[in-house]
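Chemist: The chain contents come next:
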Amino acid sequence: MSQDTVRLIPSDEGSWRLDAYLRRGGYEAARKAVTSMAPAGIIAEVRKAGLRGRGGAGFPAGLKWSFVPQGVSGPKYLCVNADEGEPGTFKDRAILVRDPHRLLEGMVIAAFAVGIHTAIVYVRGEYERIAGRLREAMAEAEGAGFLGPDIFGSGFGLEVVIHFGAGAYICGEETALLESVEGRRGTPRLKPPFPAVAGLFRAPTVINNVETLANVPSIIGRGADWFTAQGLPKDCGTRLFSVSGAVRRPGLYELPTGIPLRTLIEDHAGGPPEGVSVKAVIPGGLSAPVLRADELEAHLDFESMALVCSMAGSAGVIVIGDRTPMLEVLGVMSRFYAHESCGQCTPCRIGTSWIHRTVTRIAAGQGRRGDLDLILSLADGIKGRTLCPMGDAAALPIQALVTKFRDELEQAVER
Amino acid sequence: MSGTKTVALTIDGRAVTAPEGANILRAAEQAGIDIPHFCYHPAFAAEGNCRMCLVEIEGLPKLELACSTPVREGLVVRTATPRVEQARRDVLEFLLADHPLDCPVCDKAGECQLQDHYDRYGRFPGRFVEAKQKKDKLVRIGRGLVLDRERCILCARCVRFLRNVTGTGELGVFERGARAEIGIFEDVPVDNAYAGNLVDICPVGAITAEDFRFQTRAWFLARKPSVCPLCSRGCAIVVESVTGYPLPEAKRRVYRVTAGQNPAVNGYWICDLGRAGRHDIDEGRPAGLLRKGVAVDGEPWQKALAEVTAAIKAVPGSDRPARIAVVLNARLTCEELARAKALFVTGLGLDRISFADRTPGTADGLLVTAERVPNSRGAFAAGFDPRLPTIEELTGATVLLVFGSGLAAHFSEEALGRALAAVPSKFLFAAHAGPLDRLFDLAFPLAVPAEKSGTYINVGGVRQSFERALSPPAGAVPEGEILTCLAHGLGLNLGDFDVC
Chain A
0 MSQDTVRLIP SDEGSWRLDA YLRRGGYEAA RKAVTSMAPA GIIAEVRKAG
50 LRGRGGAGFP AGLKWSFVPQ GVSGPKYLCV NADEGEPGTF KDRAILVRDP
100 HRLLEGMVIA AFAVGIHTAI VYVRGEYERI AGRLREAMAE AEGAGFLGPD
150 IFGSGFGLEV VIHFGAGAYI CGEETALLES VEGRRGTPRL KPPFPAVAGL
200 FRAPTVINNV ETLANVPSII GRGADWFTAQ GLPKDCGTRL FSVSGAVRRP
250 GLYELPTGIP LRTLIEDHAG GPPEGVSVKA VIPGGLSAPV LRADELEAHL
300 DFESMALVCS MAGSAGVIVI GDRTPMLEVL GVMSRFYAHE SCGQCTPCRI
350 GTSWIHRTVT RIAAGQGRRG DLDLILSLAD GIKGRTLCPM GDAAALPIQA
400 LVTKFRDELE QAVER
Chain B
0 MSGTKTVALT IDGRAVTAPE GANILRAAEQ AGIDIPHFCY HPAFAAEGNC
50 RMCLVEIEGL PKLELACSTP VREGLVVRTA TPRVEQARRD VLEFLLADHP
100 LDCPVCDKAG ECQLQDHYDR YGRFPGRFVE AKQKKDKLVR IGRGLVLDRE
150 RCILCARCVR FLRNVTGTGE LGVFERGARA EIGIFEDVPV DNAYAGNLVD
200 ICPVGAITAE DFRFQTRAWF LARKPSVCPL CSRGCAIVVE SVTGYPLPEA
250 KRRVYRVTAG QNPAVNGYWI CDLGRAGRHD IDEGRPAGLL RKGVAVDGEP
300 WQKALAEVTA AIKAVPGSDR PARIAVVLNA RLTCEELARA KALFVTGLGL
350 DRISFADRTP GTADGLLVTA ERVPNSRGAF AAGFDPRLPT IEELTGATVL
400 LVFGSGLAAH FSEEALGRAL AAVPSKFLFA AHAGPLDRLF DLAFPLAVPA
450 EKSGTYINVG GVRQSFERAL SPPAGAVPEG EILTCLAHGL GLNLGDFDVC
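The listed protein sequences correspond, in order, to chains A and B.
Just so you know, we're using numbering that gives the first Met the number 0 here: the first sequence kicks off at 0 and counts up by one.
Just so you know, we're using numbering that gives the first Met the number 0 here: the second sequence kicks off at 0 and counts up by one.
Bear in mind the hints are in silico, worked out from the structure with no lab data behind them.
Quick caveat: nothing in here was measured; it's all calculated off a predicted structure.
All C-beta atoms in this analysis are idealised placements derived from N, C-alpha and C, irrespective of residue type, glycine included.
Check before you lean on any hint, since a few could be wrong.
Claimed, not checked - Across the chosen pairs, the derived CB separations fall in these ranges:
no.	chain 1	residue 1	chain 2	residue 2	range
1	B	Lys-133	A	Thr-402	49 to 59 Å
2	B	Asp-11	A	Thr-402	28 to 38 Å
3	B	Glu-19	A	Pro-388	50 to 60 Å
4	A	Gly-13	B	Asp-135	22 to 32 Å
Claimed, not checked - Now the stretches of chain A that chain B is said to cover, found in silico as 3 or more residues with beta-carbon under 8 Å:
no.	region
5	257-264
6	281-293
7	377-391
To be verified - Which residues of chain B face chain A? A few of them, derived with a C-beta cut under 7 Å, are:
no.	residue
8	Arg-50
9	Gly-58
10	Lys-61
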């Protein structure tokens with residue numbers, strides 16, 4: 000990639016250290032923002048850049064910031080979602096490991112733009128060691144005056160706190176994350192009110208994904224026009240694609256949004272290993288409805304993926320080879336959602352468990368005629384009816400898998 | 000109400016107005032349209048757990064929660080479309096999948112929301128063929144409450160009640176997904192004076208009271224509203240009694256006292272003292288008239304009352320104020336107090352009228368007041384100045400009429416015995432048998448407040464009229480009837496007195 004494109008994952012020696020980050024031009028964007036830009040101007044620039052949320056929903060980040068009521072007294076919070084629980088996704092950890100200062104710089108800019116003085120980084124429990132890098136970076140940044148009570152001598156202060164999750168997938172859902180930070184059981188809240196109005200401790204709160212915030216320094220440093228020149232007009236920049244499964248070179252690939260799925264899998268990830276062909280691809284984390292091998296021409300951006308009834312999601316691309324039985328994939332999937340449903344609302348709590356028990360029975364060779372229709376119908380009972388998006392996140396991929404690989408699964412039921 | 004803005008909307012084709020800020024569920028309810036729900040309770044903010052109240056709103060792609068969506072001008076809501084009906088069936092099917100279906104031995108059967116909603120909105124053939132999850136069915140969570148986790152539908156009303164109303168927070172939801180369950184924290188049980196409400200608000204048979212478990216069936220109970228007489232709050236209660244079927248000699252007459260609703264007094268809750276009031280109604284009641292503490296078989300109270308009138312008549316009119324003493328109490332209704340005033344003050348010209356009631360307790364800051372009687376405001380309103388009698392006042396009487404057992408709370412049995420020994424004619428009127436009975440010439444059995452109609456004025460000045468919730472046992476009568484008969488016997492016309 001040329002010097003002039005976004006690079007979220009640096010490869011220089013000791014890239015996570017402050018001196019290395021400074022050599023790469025680090026904290027210049029934050030300095031520019033805090034010392035020479037008006038908060039509204041920063042928000043306008045990020046809106047203009049069309050930066051969409053990298054956590055999975057793709058909500059425009061600048062728009063989200065603009066929802067926070069201004070001129071209201073009392074605290075406001077920035078919550079950084081580093082819970083990274085979507086199966087098949089391992090991008091945020093790479094930022095935390097290789098470039099924690101970029102995240103911190105993005106946080107400083109976001110906080111300054113919205114008028115926030117306290118930020119919480121919600122890190123998944125399994126990343127406790129990884130978060131050590133973030134903690135070191137925080138100390139370095141504070142020592143250099145890039146973080147803390149008086150950033151760049153401007154009088155603007157930002158305190159950053161790391162909060163560890165305890166292993167629940169649901170805490171990646173923004174309102175469950177807030178509950179968890181507040182010390183309660185992580186279950187989603189009814190919306191409205193939205194977090195921008197009443198979030199953490201009922202104060203206005205911005206919640207952004209790690210990768211989203213890591214994009215902010217380049218947007219402010221180089222301008223929105225530079226950013227929008229990459230990727231697609233409505234979905235700009237690059238994305239960190241986590242590629243796993245039946246490919247020769249699984250790993251993390253930073254590529255412009257909108258690249259064809261086939262290019263990512265074959266050109267970048269080296270295609271399937273010898274003697275294996277691609278049967279299916281889950282394009283955006285486990286919750287993204289599966290695509291068949293004949294759908295690989297689809298492009299990896301939010302809108303193109305919606306056109307094929309899937310999701311760009313968290314950009315976790317799981318490649319399934321022809322030797323993997325789809326019943327096994329369905330088993331993994333249904334177990335995950337049954338295990339991770341928070342249990343708060345009826346359809347998700349019982350629907351996911353019922354589906355999983357049905358799949359388990361089929362796998363045990365006790366399938367009954369009509370089981371696949373039952374699974375589809377149970378997923379219908381979850382879809383669009385739950386308190387939080389996890390209901391759809393469970394129902395849609397299960398329905399897609401059963402619908403698209405019905406013949407293969409039907410054979411497993413009959414067996 | 001003036002000052003409250005209303006909005007106009009359409010629900011199922013009907014024009015409905017509702018106060019601004021109300022939710023669709025309440026607006027529909029007020030228009031007589033039932034939107035089934037489990038987790039919503041008007042005392043708490045909507046939580047949207049059960050997903051039973053989903054409705055269609057014109058212009059919105061998904062079904063929306065009736066419990067949490069506020070009404071808006073021009074909103075068009077549909078609650079009975081195929082899509083809504085399907086969503087309800089799906090929720091019921093999910094809830095019933097792992098449900099033990101032990102309705103035949105469940106104390107909630109007959110008043111269970113899951114049963115009722117299935118009956119009205121479900122009625123589908125079951126598709127669940129997996130093994131049902133086994134969970135704890137007998138968890139003693141404190142205060143005589145039993146939790147059955149298999150029946151629980153996780154509406155979390157109980158959790159919210161303890162967090163929002165009592166502020167004690169003894170219950171929480173533990174675990175995740177289908178393993179989620181209600182429980183206490185470690186080994187700290189539910190322990191607050193309002194715990195009984197958990198049984199009332201549990202929409203299914205997950206929380207039941209040991210006092211009621213396996214005693215009767217809900218459909219055998221007649222539910223009659225009354226006012227709790229145990230403190231001056233005067234909470235709305237429901238007295239649930241067996242009306243005859245199936246056992247002519249049921250184990251109890253009143254199986255339980257539950258919370259009634261009165262927004263001006265107690266909202267939706269009552270305390271456990273009020274619930275325990277069922278014992279007051281059924282227990283310790285004398286079988287009939289007592290003479291010196293000994294049961295007199297077959298003697299009607301009306302005949303015995305002639306002895307009281309004779310004793311009063313024997314005192315010459317001018318001597319009456321000095322020689323006739325009356326002890327009343329604040330469990331009398333306003334109507335009875337007015338009658339007492341007309342009889343004893345206006346009619347007989349007495350001035351030795353005192354009050355003896357239960358000793359005060361402490362107020363708990365929620366509902367229970369320090370005053371453990373229901374109608375002391377009524378006594379003031381009737382023109383009495385309630386004060387305790389002195390021992391001398393009792394001793395000096397020739398005729399003594401005592402209503403209620405309150406004296407026992409203020410004087411020792413021995414002191415009363417000595418005082419009353421000097422009184423030639425003394426009569427007791429009391430609902431419960433007690434140590435005083437043997438000190439009196441005659442003890443007449445009275446009705447308890449639940450067996451009376453009348454009016455109480457509560458601590459906040461709220462006048463509450465109530466009807467008799469059940470009949471008194473044979474031979475027991477309300478004070479009002481005693482007073483009327485006494486007046487009749489004395490040839491006094493109490494006339495058309497105004498209540499209180």
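Chemist: How does the Cβ-Cβ distance of Lys-133/B and Thr-402/A compare with 49 to 59 Å: does it lie in that range?
Modeler: violated (34 Å)
Chemist: 22 to 32 Å was suggested as the range; check whether the CB atoms of Gly-13/A and Asp-135/B agree with it.
Modeler: Cβ of Gly-13/A to Cβ of Asp-135/B: about 55 Å, so the range 22 to 32 Å is violated.
Chemist: Once the shortest beta carbon distance from Gly-58/B to chain A is found, is it less than 7 Å?
Modeler: Since chain A brings no Cβ nearer than about 16 Å to Gly-58/B, farther than 7 Å, the hint is violated.
Chemist: Do the Cβ positions of Asp-11/B and Thr-402/A conform to the proposed distance bound of 28 to 38 Å?
Modeler: Roughly 35 Å apart at Cβ, these two residues keep to the hinted range, so it holds.
Chemist: Taking a Cβ-Cβ distance under 8 Å as contact, does the region 257-264 of chain A have three or more residues in contact with chain B?
Modeler: As far as the region 257-264 of chain A goes, the hint is violated, because 0 residues have Cβ atoms under 8 Å from chain B.
Chemist: I want to verify a distance hint. Is the separation of the beta carbons of Glu-19/B and Pro-388/A within 50 to 60 Å?
Modeler: violated (30 Å)
Chemist: Does the region 377-391 of chain A contain three or more residues whose Cβ lies closer than 8 Å to a Cβ of chain B?
Modeler: holds (count 6)
Chemist: Measuring from the C-beta of Arg-50/B to each C-beta in chain A, is the shortest one below 7 Å?
Modeler: holds (5 Å)
Chemist: Holds or violated: is the Cβ of Lys-61/B closer than 7 Å to a Cβ in chain A?
Modeler: holds (5 Å)
Chemist: Count the residues of the region 281-293 of chain A whose CB lies closer than 8 Å to any CB of chain B, then report whether that count reaches three.
Modeler: violated (count 0)
The structure fails hints 1, 3, 4, 5, 6 and 9 (numbered hints given earlier, in ascending order).
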